[in-house]
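Novice: The residues making up each chain are set out below.
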Amino acid sequence: MARLSTLSFLFWLLSVSLLTNVHAQVQGGLAHEQLELAEKGHCSKQKGLTPLKEILCTGEIKIGVKGDYRQFGELQDGVFTGYEVDLARKLAERLGVQVKFVQVSGADRIRRLLTGEIDMILATMGHTSDRDEIIHFVRPQYYAAPTTIVGAKEKIVRSWDDLAGSVICVPAANFSNIEFAKRKGQRIMIYSDPTRLTQALLLGACSLIAHDQTFIRAYLTGLMAPPERLLRYDEKVSFFEIPWGIGVTKQAEASLGRWLDLTLADMHQSGLLIKLASAHGVSNEFLVKQQKLWTQEPCRSSTTFDKECLVPSGDTFDPPSAMSAGFEALDKLFLRHSIKPIKFPMFTGQNAFQWFLQGLQVTLLLVVGSLLATFALGVGLFKLQQAKWSLIRLTTNLLLVFLQNSPVILLLILGYLGVSLFLAYTIPISIISAVIVIGLNNGANVAGAMREVWLTAGQQLSVGATMQQATVPIRAALINAAKATPVAGFIGVSDLLATLNDITAFTGEQLTTFLVLTVIYLFLIEMVVIGVTKTSNLFSAKSVKS
Amino acid sequence: MTFNLLDFVSNFLTYFLTNIKIGVLSLAGGLVLGVPLALLLNRQNKWLTAAISVVLFFCRGFPVYILMFALLNGLSIDVILKEFSDETVRKGAIVLALAAYALAAICDLTLVMLTQLKKGQMAEAFLIVPNIFRVFTTVLISSSVGAAIGVSEAVSYTIRVYERFPDRVDRFLLVLGVTIFFAIFQTVCKRLVLALSEVIRRRFKEKHAQP
Chain A
1 MARLSTLSFL FWLLSVSLLT NVHAQVQGGL AHEQLELAEK GHCSKQKGLT
51 PLKEILCTGE IKIGVKGDYR QFGELQDGVF TGYEVDLARK LAERLGVQVK
101 FVQVSGADRI RRLLTGEIDM ILATMGHTSD RDEIIHFVRP QYYAAPTTIV
151 GAKEKIVRSW DDLAGSVICV PAANFSNIEF AKRKGQRIMI YSDPTRLTQA
201 LLLGACSLIA HDQTFIRAYL TGLMAPPERL LRYDEKVSFF EIPWGIGVTK
251 QAEASLGRWL DLTLADMHQS GLLIKLASAH GVSNEFLVKQ QKLWTQEPCR
301 SSTTFDKECL VPSGDTFDPP SAMSAGFEAL DKLFLRHSIK PIKFPMFTGQ
351 NAFQWFLQGL QVTLLLVVGS LLATFALGVG LFKLQQAKWS LIRLTTNLLL
401 VFLQNSPVIL LLILGYLGVS LFLAYTIPIS IISAVIVIGL NNGANVAGAM
451 REVWLTAGQQ LSVGATMQQA TVPIRAALIN AAKATPVAGF IGVSDLLATL
501 NDITAFTGEQ LTTFLVLTVI YLFLIEMVVI GVTKTSNLFS AKSVKS
Chain B
547 MTFNLLDFVS NFLTYFLTNI KIGVLSLAGG LVLGVPLALL LNRQNKWLTA
597 AISVVLFFCR GFPVYILMFA LLNGLSIDVI LKEFSDETVR KGAIVLALAA
647 YALAAICDLT LVMLTQLKKG QMAEAFLIVP NIFRVFTTVL ISSSVGAAIG
697 VSEAVSYTIR VYERFPDRVD RFLLVLGVTI FFAIFQTVCK RLVLALSEVI
747 RRRFKEKHAQ P
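Residue numbers (the working numbering), protein chains in the order written: chain A, 1 to 546; chain B, 547 to 757.
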């Protein structure tokens, strides 16, 4: 009976607002339908209730919110606070039900909605075209923000060009990370959640981080941020502004989704969203624009929501590749056998597949180039060790000790810095410098081994004969060169690892990414081992014949 | 910006301790797994040999850098992230990746040692000690790739410092200095390995020479 009274009150409340607002009118109509249902006592008997009716019948709505996102959804001492939390409370209040908050993360919110753990997502979720495929987004949206790159003030970044070769730390499964995959030249490091990301910047593990502007401002550069951080960091580049929407399941689109569409339109019109945002210090440029839009015709009196009233979703949709049908069939097969579906985003999307192929090409280029450079530079250094002038011999020996004993990662950084002193650092230049550095690092071992053989044989052997006798260490150096090629990603070379890392950053699919990477690298290294062994055997056989 | 060389050196050495710790942990992991694997291989059971060969093939053939990234993703699951800090998880990834390399190397060395013990070549068998030290220096130097996944060690500290330098020449010189430090460190370690090997050979020669 208590629930019926609540619903009656709700109906009365909505009927009052019916007089003032066209959105509230339709919204009230929907609620009336629910009220009738409840009055008839059908809640416990009826099967196949719509999600909205279920919520009204149970008297509780489970809303997924963030617990670690200042100003939007924060959990402190067991109490949720923030703009999104207040909005969630208002929505539950309008429905006349209790709200149950469930803390969700960027990585698990959609899964939790789809498995029925929550009824709706209200957790800083960008409305993107690829998410549109999986869930229903409530429109109008309740916020919009770009992604911002932030770093220490002394780090000068005026445009994307200044970011070439830089490391940018990003949150996992963030739609805006697609921009890094498109632009290339930067290296990204993925962090599982925003708190760890901020910590990484504060502790110095990351010199640049990218996240929603609201998050950056709340923790680092805005007026609400601690003053010492305000003095230390500034915003560098902003990109990819995207609306934030409430998410419900596709099944709830016609009932709960429709009710939320109308309620959000009403809340924009009445200015309630601006009030809620202001109460938490959230910037409200988007909300002001939305209020203006919804208080003017044609949006003011539209209940079907014309195109001009709605903000489009962020375009992150990757059209299906030629192989996507095959992978979908595999997905269905897994589902039929109750196996967790495994996604292969690097093969199923056209763009992702193209990036994957480009990464593979760069990796093959690096491996072949490094093998050739190791061999050629090794022989070259060996010849220099035999030079007539003692100064050249001494310098070469010192260089060999330096190259043989330095970590390849530092040599690559030196190569990158050395090149960027004289040339604009472009992707081809980064590949060439990486090939030369890996070639020098491993070629030094080739030269060292050849020299040892040459000295042992009484300095009488020709270059060919020396190589023949030093086959084993030369082979080892060549295999090591191939194994060192992925480190080139550290200086911005967009090889397979860097590319797959980029794809993981926006798709969130980690398992298959590293499975594919493992298989390819094992195959590649084994091919190098077989190729190098066969070539050296052939060379040895020819030498014996001659 | 002001750059204090003494401060840099002192901080750099503190971070270098992290590299040493990673090296020690990786070597310990390699020893704990590599020695038993070698002992099992020595039994010459064909099924065991086949299974261990697969493990060794993977550990030898797989680039440490790729393995480190794969492990980081494998370790970044809720259960682990709730228990450990981000830095620990990242260090765990590099330690495990290097331990895989150390495992293969130590397994090979132990097998050689067992063969030499069977032949009664004690001096050669004891050369496993300097060779294990050689594996340690290799993993220690290789721990610098941890910078790629955000481990706070000597190379990532150097990068953080050089990024504050506006002048590219200064950046180059700083990295060159650090590279020379690593090169000297490894050269000294290699000399130590040679000296230790020589001491072992001499000791055993003297023992055999005694009546």
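In case anyone wonders, no lab produced these hints; they're calculated from the structure.
Glycine is no exception: its CB is placed at the ideal position from the N, C-alpha and C atoms.
Watch out, some of these pointers could steer you wrong.
Derived contacts from chain B toward chain A, CB cut-off under 10 Å, selection only [claimed, not checked]:
#	residue
1	S622
2	S702
3	F750
Below, computed lysine-lysine pairings styled on BS3-like, alpha-carbon distance capped at 27 Å [unchecked claim]:
#	chain 1	residue 1	chain 2	residue 2
4	B	K664	B	K751
5	B	K628	A	K343
6	A	K307	A	K292
7	A	K250	A	K383
8	A	K184	A	K153
9	A	K275	A	K90
10	B	K628	A	K100
11	A	K383	A	K90
12	B	K751	A	K383
13	A	K292	A	K275
14	A	K100	A	K250
15	B	K628	A	K62
Novice: Hint by hint, which ones does the structure fall short of?
Specialist: 3, 7, 11 and 12
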